[in-house]
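Since the structure of chain A is already known, use the hints to place chain B on it.
Protein chains: 2
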Amino acid sequence: MKGLMMNRPLKIADILEFAASSHQNGEIVSVRTEGDVHRTTYRETARRVAQLARGLRDLGVDVGDRVATLAWNGYRHFELYYATSGMGAVCHTINPRLSAEQMLYIIKHADDQLLFTDLTFIPILESLAGDLPAHLRIVVMTDRAHMPNSKLPGLLCYEEILEDQPQTIVWPDFPEDTAAGLCYTSGTTGNPKGTLYTHRSTVLHALLLAVSLPNVLQEGRKILPVVPLFHVNAWGLPYAAPLAGASLIFPGPALDGKSLFDLMDREKVFSAWGVPTVWIGLLNQIRAEGRLPAGFADVVIGGSAAPKSMIEAFEQAGVNVCHAWGMTEMSPVGTQGNLPKALDDLPPAERIDRKCAQGRRLFGVDLKIVDDDGAPQPHDGTSPGNLYVRGNTVTAGYFEDEAANADVFDADGWFRTGDIATIDADGFLTITDRAKDLIKSGGEWISSLDLENVIMSHPKVMSCAVIAVPHPKWDERPLLVIQPRDEDRPDKQELLDMLSEHFAKWQLPDDVVYVDGLPLTATGKVSKLTLRKQFADHALPDAV
Amino acid sequence: MKGLMMNRPLKIADILEFAASSHQNGEIVSVRTEGDVHRTTYRETARRVAQLARGLRDLGVDVGDRVATLAWNGYRHFELYYATSGMGAVCHTINPRLSAEQMLYIIKHADDQLLFTDLTFIPILESLAGDLPAHLRIVVMTDRAHMPNSKLPGLLCYEEILEDQPQTIVWPDFPEDTAAGLCYTSGTTGNPKGTLYTHRSTVLHALLLAVSLPNVLQEGRKILPVVPLFHVNAWGLPYAAPLAGASLIFPGPALDGKSLFDLMDREKVFSAWGVPTVWIGLLNQIRAEGRLPAGFADVVIGGSAAPKSMIEAFEQAGVNVCHAWGMTEMSPVGTQGNLPKALDDLPPAERIDRKCAQGRRLFGVDLKIVDDDGAPQPHDGTSPGNLYVRGNTVTAGYFEDEAANADVFDADGWFRTGDIATIDADGFLTITDRAKDLIKSGGEWISSLDLENVIMSHPKVMSCAVIAVPHPKWDERPLLVIQPRDEDRPDKQELLDMLSEHFAKWQLPDDVVYVDGLPLTATGKVSKLTLRKQFADHALPDAV
Chain A
1 MKGLMMNRPL
11 KIADILEFAA
21 SSHQNGEIVS
31 VRTEGDVHRT
41 TYRETARRVA
51 QLARGLRDLG
61 VDVGDRVATL
71 AWNGYRHFEL
81 YYATSGMGAV
91 CHTINPRLSA
101 EQMLYIIKHA
111 DDQLLFTDLT
121 FIPILESLAG
131 DLPAHLRIVV
141 MTDRAHMPNS
151 KLPGLLCYEE
161 ILEDQPQTIV
171 WPDFPEDTAA
181 GLCYTSGTTG
191 NPKGTLYTHR
201 STVLHALLLA
211 VSLPNVLQEG
221 RKILPVVPLF
231 HVNAWGLPYA
241 APLAGASLIF
251 PGPALDGKSL
261 FDLMDREKVF
271 SAWGVPTVWI
281 GLLNQIRAEG
291 RLPAGFADVV
301 IGGSAAPKSM
311 IEAFEQAGVN
321 VCHAWGMTEM
331 SPVGTQGNLP
341 KALDDLPPAE
351 RIDRKCAQGR
361 RLFGVDLKIV
371 DDDGAPQPHD
381 GTSPGNLYVR
391 GNTVTAGYFE
401 DEAANADVFD
411 ADGWFRTGDI
421 ATIDADGFLT
431 ITDRAKDLIK
441 SGGEWISSLD
451 LENVIMSHPK
461 VMSCAVIAVP
471 HPKWDERPLL
481 VIQPRDEDRP
491 DKQELLDMLS
501 EHFAKWQLPD
511 DVVYVDGLPL
521 TATGKVSKLT
531 LRKQFADHAL
541 PDAV
Chain B
1001 MKGLMMNRPL
1011 KIADILEFAA
1021 SSHQNGEIVS
1031 VRTEGDVHRT
1041 TYRETARRVA
1051 QLARGLRDLG
1061 VDVGDRVATL
1071 AWNGYRHFEL
1081 YYATSGMGAV
1091 CHTINPRLSA
1101 EQMLYIIKHA
1111 DDQLLFTDLT
1121 FIPILESLAG
1131 DLPAHLRIVV
1141 MTDRAHMPNS
1151 KLPGLLCYEE
1161 ILEDQPQTIV
1171 WPDFPEDTAA
1181 GLCYTSGTTG
1191 NPKGTLYTHR
1201 STVLHALLLA
1211 VSLPNVLQEG
1221 RKILPVVPLF
1231 HVNAWGLPYA
1241 APLAGASLIF
1251 PGPALDGKSL
1261 FDLMDREKVF
1271 SAWGVPTVWI
1281 GLLNQIRAEG
1291 RLPAGFADVV
1301 IGGSAAPKSM
1311 IEAFEQAGVN
1321 VCHAWGMTEM
1331 SPVGTQGNLP
1341 KALDDLPPAE
1351 RIDRKCAQGR
1361 RLFGVDLKIV
1371 DDDGAPQPHD
1381 GTSPGNLYVR
1391 GNTVTAGYFE
1401 DEAANADVFD
1411 ADGWFRTGDI
1421 ATIDADGFLT
1431 ITDRAKDLIK
1441 SGGEWISSLD
1451 LENVIMSHPK
1461 VMSCAVIAVP
1471 HPKWDERPLL
1481 VIQPRDEDRP
1491 DKQELLDMLS
1501 EHFAKWQLPD
1511 DVVYVDGLPL
1521 TATGKVSKLT
1531 LRKQFADHAL
1541 PDAV
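Protein chains in written order, with my numbering: chain A, 1 to 544; chain B, 1001 to 1544.
Mixed in with the good hints, there may be bad ones.
Pairs of lysine-lysine, DSSO-like flavour, derived with a Cα cap of 27 Å [stated by the list, open to error]:
id, chain 1, residue 1, chain 2, residue 2
1, B, Lys1368, B, Lys1440
2, B, Lys1002, A, Lys108
3, B, Lys1108, A, Lys2
4, B, Lys1002, A, Lys2
5, B, Lys1341, A, Lys268
Derived by calculation from the structure, the hints in this document are not laboratory data.
For reference, chain A alone in the conformation it holds in the complex (with noise of 0.2 Å):
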């Protein structure tokens, strides 16, 4: 039987309307790369938003049509964000850190008919010119006195978009399966591929993780996404903040640790969000302030595990931890590694023992671990097992893209994420390792994840990866990638030592090497291919 309820499509665009008429003290402070700070609130850029997607529509965007932005954090982007999506186009975020390769790929991919760039980007556009798309239009995110002298033809001022146009809109209706962000990630291997958010689950993704987070997705919480919104939508914080009232602090380009450091001070930032090489060097500069930033209460780590020395090192310092863990494909947060209220008398090493984990599950988000036959494995805190994921804020498939469609659903439409877990009986999710970071040893697999937490506790180690290196008779070994905190380099014997004291034997890296800095992937993470690639050919020092 059908129930009497009214059935109204879950809208981006309310979220904003509702932040607009009901928390008038919402502010979006931005760094810009114009070199100066800018206040502004939910209401004031409600009206901007409508000003920006009248002119879009003078320009002639329709519905469903591709709109791409190459920016930093920043209110111009927020606003590109709610003026898309609440005509019915699509926001396709373009992460500046991919290879010219990769963005032309995407731009053509996705159908692009505008670009909108920060003044930051517009070098790379330039090299890019020939190869750009002929019908695309570029608009610089900045008013007519910052305009580039630019070769790129027929460069679009954002701030002449907005000029004279209206300040209120009526939003057009559609089903809440419309299309609202387009978002790539890099992969490893093969093109890039797109996930297709929608309203519904985008509008669900900010209502569940603001269930979830309830100390930080409160009004009157300043939040500092360092996270950036042109990956993954900055974590889904562009639509949880206004819906719950919070401030958003955007922080630019620099996001170096005394840049950060001195801003969070500056604005009171009680949560930041990001992955863990930023915050590296978040920590060295409160090391050497010996403080933290005023009001900084909490950190949310996610993108990749982060390391126990820095969950450590935090919650030592007074700042709680959320160690969440999510994907591209996920809208992107899975789970959410705060402790609950009943732990909160455990002793300190426990509690960032339970804090490595990646946590419980956000309520819509369905998680099973299987072996490689489809098994279901016991949720035992033991049993590892492959993940897979499935929910309104999951991906249905790639956009354009059947070859990638092909092997990520399982028989029942559950999605693949690629990494190997244990659950535990409280719910408590452990990636253990990426499937592809496994290292394969005589038919035995070794956890990169495991020898790396343990390096990375190491005074003088400032990161570190373990890769796989082909070895004759055992196929793959373990390399170690060191990257030391200054000039005095850990000694390679007391990091093995280091090691021995938690793994076996045949688990041991078979060699250590050291470099000035790691590579990272377009997102912020330890690149393990460009490392593989790059160390392909060492010779480990036992390897007949």
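Just chain B, lined up with the frame of chain A:
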């Protein structure tokens, strides 16, 4: 363009599955009709809900069937919510305070197949026995040892239905607009009218409520719903609490001040939810004890407008008042009255004034105020209008009641609340009156609510109501009905003097009468309909 995300039906069963897997410490504590206190967890409850659903299936309950309940707040009532909706049946909660005639009407109108009752209500059912539909089977919510000796034929025992059933179940899939719950409002004229909630409306309401009250609806909190499960789903708490990981403390039948105080004190209840009438008793007990129940920090007041004196008493005692507003037809919560953090520094008196308003809308609940011709009124905090609402949690029409549906929606499909309200620039809604409670004197409107609000602050007044009495010259004139706190009743002139500080002479009541108690509706609101009948022939002093 359609997006490419999974589309899973929002289902109520997923809430309890989630709480069972992720909020293992979430508790349900119930004062039982049997007299003792019962404790369980969401995890254990999920097992019993599986057993109950299997038992219902064995009793022949099918998808779409209506299953009635006549019960207090307790874990078995909670189990029925989830077992019926989980299998695609409809939980029809019956208000035991309805008249025999109304109760029979709705049992027949809903075509209930089974009726679950607490021991308390056996006498009511016995009195109706001859008129109950022949096919209606009755289940007593107790174990075999407590089964009553009753003349009712074929009584079934709740615990026996669960016995020997497996503790797991695979819930069926169905569309999210499937009916899940049915609640009738007694109304003031005509037959009761039923709101038929869907899985979508119920899950969204839980999410919206949790996002709106993050400080209460969070893991580890203990919440006491005084508001009954038999009316509008206890304001959504049976869904929002397990979703958020909060525990539920169910008070059973005893709702007097002392019983509530003792239970809250013992269980360290953080937040208690109910209509103004129940808080009079609790506040008296708090005064008598000279302290708050341990842990008590928050009270949600709705159902009818909270008097200023009540808000003051709680806030001065250190209990945050969330003055909420909603309707059965709205699932029910429409607005919540917590103040934004930006107003933290407001002087106490101004805080309380702001809290006398009904607060800001929940995300997803659209409000509009219009004049009698449908023209939108400004949101300036002073222009009143007829309040209409729209959203996924709002009724699209009463259950099988064409007549009632004919005049409650406007041309654009908005639902007419029957309230008169203002909305200010910050989104705060103030219900100035129920349209039907306004007094029309000489062509001018007099607000009964405004008058009552002032009188309620008189120390000798326990409760009061202002009603319209027919008048030969002015059409209607206000009469003030007073329930004194004790024998020392407030003087008539004193009350009128108090009012004349705030109101024009023509707005003052023409007379004051004293009663031992005010008649309540089935949902605990003062029944103005009853009072108007009672005093229809009251001779006003200056009526010619």
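Does the structure keep Lys1002 of chain B and Lys2 of chain A at a Cα separation of 27 Å or less?
-> holds, 25 Å
### Message
Between the alpha carbons of Lys1368 of chain B and Lys1440 of chain B, is the straight-line distance 27 Å or under?
### Response
holds, 24 Å
- Would you mind confirming whether the straight-line C-alpha gap from Lys1341 of chain B to Lys268 of chain A stays at or under 27 Å? holds, 15 Å
(Q) For Lys1002 of chain B and Lys108 of chain A, compute the direct alpha-carbon distance and say whether it is at most 27 Å. (A) Roughly 19 Å between the alpha carbons, so the hint for Lys1002 of chain B and Lys108 of chain A holds.
* Asked: Holds or violated: are the alpha carbons of Lys1108 of chain B and Lys2 of chain A at most 27 Å from each other?
  -> holds, 19 Å
Going down the numbered hints, you'll see the structure goes against none, and every one checks out.
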